[in-house]
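K.L.:
Top line first, the protein sequences correspond to chains A and B. If you number the first sequence the way my numbering does, the last residue is 349 and the count never jumps. If you number the second sequence the way my numbering does, the last residue is 349 and the count never jumps.
Honestly, the hints are just simulated from the structure, not real lab data. Careful, some of the hints might be misleading.
As the list makes no split between identical chains, a pair holds if one copy fits it or if it spans any two.
Each computed SDA-like pair below joins lysine to any residue, with the alpha-carbon atoms no more than 25 Å apart [stated by the list, open to error]:
1. LYS331 with PHE167
2. LYS179 with PRO285
3. LYS247 with VAL168
4. LYS331 with ARG165
5. LYS157 with ASN345
6. LYS339 with ASP277
7. LYS247 with ASN164
8. LYS179 with ASN345
9. LYS347 with ALA287
Bear in mind that the values here come from a model prediction, so they are computed numbers and not experimental data.
The lines below spell out each chain.
2 protein chains.
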Amino acid sequence: MTGEKQPSFDWNRGFVIDFSLLDGMSKTGVPTKRRLSQMRGMFLDEAAFGEQVKNGDPLVYEFFELGAPDTPGDIAFGASITYPGKVGDEYFMTKGHFHTVLDTAEVYYTLSGQGRMVTENPEGDVVVHDLVPGAAVYVPRRYAHRSVNVGTTPLVTFFAFRGDAGHDYGTIESKGYRKLIVERGGKVEIVDNPKWK
Amino acid sequence: MTGEKQPSFDWNRGFVIDFSLLDGMSKTGVPTKRRLSQMRGMFLDEAAFGEQVKNGDPLVYEFFELGAPDTPGDIAFGASITYPGKVGDEYFMTKGHFHTVLDTAEVYYTLSGQGRMVTENPEGDVVVHDLVPGAAVYVPRRYAHRSVNVGTTPLVTFFAFRGDAGHDYGTIESKGYRKLIVERGGKVEIVDNPKWK
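Using the sequences and the hints, build the whole thing.
P.N.:
Written out as structure tokens, the structure reads:
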């Protein structure tokens, strides 16, 4: 969370929250915003990164954390919006994360836009899924996952995972992902991350 | 399942399946269909029920069971389509169920149509949520839930719940729900179920 005030929801008796099918925005929920400056070290081209942070520090993505109870019986859910753009030839993306409870899956349903879901497990198995409107992607237990926008409009997904799964951002922040999603000659390509540790 | 052959999905490495944002249908998955004759005893007006079963036995709803592993770390998900119609003055609806693992929640995201999600817990707390496109409904732990189509077009939702939650249809089939959703004078009303045991 970055300090925005989320309304409180009744996880014991149920509730309704709206997420626009067009842009993922909500009249009742408050999104968490991630600007480029919050992603230092995650894009390969550090010079391009520095320029863009100086020139407006663009919003890269936002998502909803509604405060689901930290229990295995609850389900955390919300919308995620990744904006179009690139840093050098690398597409805008989310930080991505493992679940703290590693053995928990997540499902993403694509509402709008064109993207990739990059997933990898600790043993190094990398699977990249295509996101198009109507595509539901199953991110299995034990796989880190990152949304990448390879199109020209916002990439909007609806997501759901176990309430106590938690987010482990640290592993990805220190190690990076094994693969990057870049534009080469007008095409989307998956390439090795030369900085992967 | 009613015998349709579902393709197998890779729950260990992940997969993509398409669900149309317009009608919930899938090019790869196979829906389970529920015709009115499979819902004997669930609608109040038994004469109207018998007539409609004789005259074509309409499809009331369909949904996707993709075969998620029966574990607490996996997530079952899919689309559910409830068709418009009524039996007497009672709107078409799903059977509804408790989860066998009672202490597990479920989330529904409405893609299309107008409906209600009727929820009740074993202690008799009844909560009815409005479903409109873009409405995400949180069905909490311990609440039975049933989708009701109160509009004139299919009610389409995307749903997610824990892989091992399971479906307990029996309790609802023998007891019914405490409340019915009916049309009275052109309006949607919530009324007591006179047959509730």
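K.L.:
Honestly, which of those hints from before does the structure not fit?
P.N.:
As far as the earlier hints go, 5, 8, 9 are violated by this structure, in ascending order.
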